[in-house]
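Visitor: Protein chains in written order, with numbering that gives the first Met the number 0: chain F, 0 to 318; chain L, 0 to 255.
Check each hint, because a few of them may be wrong.
Beyond 10 Å from chain L on every Cβ pair, some chain F residues (computed) [as the list claims (entries may be wrong)]: (1) ARG10; (2) ARG62; (3) LYS65; (4) HIS88; (5) VAL136; (6) ASP148; (7) GLU243; (8) ASP284; (9) ARG285; (10) LEU306.
Short derived list, chain F residues pointing at chain L, Cβ under 10 Å [said to hold, decoys possible]: (11) VAL25; (12) LEU27; (13) THR46; (14) SER92; (15) ILE102; (16) TYR109; (17) GLY113; (18) SER121; (19) MET144; (20) GLY146; (21) SER147; (22) ASP201; (23) ASP203; (24) GLY312.
Below, a sample of chain F positions facing chain L; criterion: calculated Cβ distance under 10 Å [said to hold, decoys possible]: (25) GLY44; (26) SER48; (27) SER95; (28) ARG107; (29) VAL110; (30) PRO143; (31) VAL149; (32) ARG151.
If you're looking for bench data, these hints aren't it; they were derived computationally from the structure.
Bear in mind the structure is a predicted one, so any value in this text is a computation, not a measurement.
Built from N, CA and C at the ideal position, the CB exists for glycine as well.
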Amino acid sequence: MSLVKPYAQLRGDLAQRDRSLREKVVALDEVASFVRDGDLVGIGGSTMSRTPMALIWALIRARRKKLTCARSIISSDGDLLFGSGICDHIIASWFSQSILWGISKVMRHYVETGKARFEEWSHLAVGMRFRAGAMGVPFMPIRPMIGSDVLRQRPEAKEIDCPFTNEKLLLVPALNPDVALIHVQRCDAFGNAQIDGLQFVDMDLAMAANKIILSTERIVSNDQIRRAPDQTKIPFFAVDAIVEVPYGSAPHECYGIYEPMMKHMEYYVGLVNGDPVAGMKEYLDRFVYAPKSWTEFLDLIGIEELLEASRAGRAIYDA
Amino acid sequence: MTHKPEPTAGELLAILSARQLKDGMVVFAGVGIPLLAATLAQRLHCPGLTILFEGGVVGAFIEPGRLPPSTNDQRCTVRANMVLGSADVLLLLQRGYVDLGFMGGAQIDQYGNLNSSFIGDPKHPKVRLPGSGGGNDIASLTNMIVAMKHEKRRFVENVDFITSPGWLRGNDTRRESGLPTGGMFRVVTELAVFGFDDKTRRMKPLALNLGVTREQVQENTSFTLEFDRDIGVTEPPTEHELSVLRMLDPERLFTA
Numbered sequence: 000m001s002l003v004k005p006y007a008q009l010r011g012d013l014a015q016r017d018r019s020l021r022e023k024v025v026a027l028d029e030v031a032s033f034v035r036d037g038d039l040v041g042i043g044g045s046t047m048s049r050t051p052m053a054l055i056w057a058l059i060r061a062r063r064k065k066l067t068c069a070r071s072i073i074s075s076d077g078d079l080l081f082g083s084g085i086c087d088h089i090i091a092s093w094f095s096q097s098i099l100w101g102i103s104k105v106m107r108h109y110v111e112t113g114k115a116r117f118e119e120w121s122h123l124a125v126g127m128r129f130r131a132g133a134m135g136v137p138f139m140p141i142r143p144m145i146g147s148d149v150l151r152q153r154p155e156a157k158e159i160d161c162p163f164t165n166e167k168l169l170l171v172p173a174l175n176p177d178v179a180l181i182h183v184q185r186c187d188a189f190g191n192a193q194i195d196g197l198q199f200v201d202m203d204l205a206m207a208a209n210k211i212i213l214s215t216e217r218i219v220s221n222d223q224i225r226r227a228p229d230q231t232k233i234p235f236f237a238v239d240a241i242v243e244v245p246y247g248s249a250p251h252e253c254y255g256i257y258e259p260m261m262k263h264m265e266y267y268v269g270l271v272n273g274d275p276v277a278g279m280k281e282y283l284d285r286f287v288y289a290p291k292s293w294t295e296f297l298d299l300i301g302i303e304e305l306l307e308a309s310r311a312g313r314a315i316y317d318a
Numbered sequence: 000m001t002h003k004p005e006p007t008a009g010e011l012l013a014i015l016s017a018r019q020l021k022d023g024m025v026v027f028a029g030v031g032i033p034l035l036a037a038t039l040a041q042r043l044h045c046p047g048l049t050i051l052f053e054g055g056v057v058g059a060f061i062e063p064g065r066l067p068p069s070t071n072d073q074r075c076t077v078r079a080n081m082v083l084g085s086a087d088v089l090l091l092l093q094r095g096y097v098d099l100g101f102m103g104g105a106q107i108d109q110y111g112n113l114n115s116s117f118i119g120d121p122k123h124p125k126v127r128l129p130g131s132g133g134g135n136d137i138a139s140l141t142n143m144i145v146a147m148k149h150e151k152r153r154f155v156e157n158v159d160f161i162t163s164p165g166w167l168r169g170n171d172t173r174r175e176s177g178l179p180t181g182g183m184f185r186v187v188t189e190l191a192v193f194g195f196d197d198k199t200r201r202m203k204p205l206a207l208n209l210g211v212t213r214e215q216v217q218e219n220t221s222f223t224l225e226f227d228r229d230i231g232v233t234e235p236p237t238e239h240e241l242s243v244l245r246m247l248d249p250e251r252l253f254t255a
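Sequences are here, hints too, so could you generate the full structure?
Guide: What follows is the structure in structure tokens.
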């Protein structure tokens, strides 16, 4: 497969999608059917923010295989993707749980033993790769990465002399994921999705992808969407499936609703950085495979921590 | 005035690097000490400082005691002027609106190149580090201040891997490689403040921190440093600087 889809194929793939105005709400345990083994999966949000954690959780439970996942900055979701064995290749600019906890031992274990790849680009490069994908062009020119060893590791990017100015520029190839996983605060049943606060590269990711699975804190009426169309960041015709998952980014944050659940994160980091294999197995067994539902997973995090995270999350509007 | 505990190395770093910022600047700050130091400067001598974060935040005004765990968290947006997409805030660097980039560092070399990707051979790394994040973009596109702990293994002659470019191999190599703007400006450590020679672009001590000797700085640095005979001494943190800093980070999240 070529690095960048030829335009005819990009348009052809899109033309085959059902873009009609229809309700697309599915259950969380159905979303895995929208993702095939080997797919390139784009992940919305950044670091511990608006991570589509419930969707990733569902893919792990369905035991998808050989996924390549791309996210501008990837956190403990990257650990879970490697540690569960559903993904063996991550494209990102930064990969660790958070600067608070040093270097992810899970990332280190999988990358240093060669079991999985962490393909590093600069943050802007990841963003511009999605943007090129969203624009329907094969590349975007950028100025960073030139002169660094990050570029030396990336033969996929091409240095050129600008045809107008003769300056050196770097062309980064379009990234058009097979499927994008994006968590939003609200959307309607058709997929008109509204995002509050930090948007990261989600609109570019959405428009670049050949399929979008949305998880949403709540499904609202189309009337409500139409009251604030300027808040709509993803149009319904690009969306293929919608799951209503309250606390769908837990234990990460969702802007204006909850902050990260730090006690759970600290417990998690202690476990997996203590032993990236056994600790990860214990975490997955207990928090991913054992619960019957996402609600049961939230129950394991605990009501006290959910309430504390919610109080902090809403406090953003007090300032 | 001795009832306050001595500043930690992290606090010293935050205060000394905050002093490098000037009012009215637009600063792109990374998480940790840079975020804290930029916020400190904003509360002290730079009320008109505009702080940018890679999460997409323009004009941040961080709340005391509520430091964000990364520059991609909602806490970064409190009382900000604007929230952009993360690629778009990075594009402000490329367009030229940013006066200074401000980052921490894992490993730095004599030309101010930073490594946050690999220890050892990238093909078979001894340690895979978290990577560039926005570091490469910031360092490629604007003038840089780096605040970092001063250890011999962190101050090396040549980094194992150039994640965020400083002056590359010195002299004009940065510009010749295709990076016409920006470059490493200051490195602040708990031992000294460094600049870079205008011509050779090698790191050069500008001032020692109070009580620190040249020998001590050299012992903790893997490459040879040239000290000016009349090298200055930085002013120690004032009570006021320390108290504002401790109000901002009471739990010493970033300054332990």
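Visitor: Are the hints correct? Go through all of them and say.
Guide: Going down the list of hints, with the structure as the test:
| no. | hint | result |
| --- | --- | --- |
| 1 | ARG10 | holds, 24 Å |
| 2 | ARG62 | holds, 26 Å |
| 3 | LYS65 | holds, 21 Å |
| 4 | HIS88 | holds, 14 Å |
| 5 | VAL136 | holds, 15 Å |
| 6 | ASP148 | violated, 4 Å |
| 7 | GLU243 | holds, 22 Å |
| 8 | ASP284 | holds, 26 Å |
| 9 | ARG285 | holds, 24 Å |
| 10 | LEU306 | holds, 17 Å |
| 11 | VAL25 | violated, 28 Å |
| 12 | LEU27 | violated, 24 Å |
| 13 | THR46 | holds, 4 Å |
| 14 | SER92 | holds, 5 Å |
| 15 | ILE102 | holds, 6 Å |
| 16 | TYR109 | holds, 9 Å |
| 17 | GLY113 | holds, 8 Å |
| 18 | SER121 | holds, 4 Å |
| 19 | MET144 | holds, 6 Å |
| 20 | GLY146 | holds, 4 Å |
| 21 | SER147 | holds, 5 Å |
| 22 | ASP201 | holds, 8 Å |
| 23 | ASP203 | holds, 7 Å |
| 24 | GLY312 | holds, 7 Å |
| 25 | GLY44 | holds, 8 Å |
| 26 | SER48 | holds, 5 Å |
| 27 | SER95 | holds, 4 Å |
| 28 | ARG107 | holds, 5 Å |
| 29 | VAL110 | holds, 4 Å |
| 30 | PRO143 | holds, 4 Å |
| 31 | VAL149 | holds, 5 Å |
| 32 | ARG151 | holds, 8 Å |
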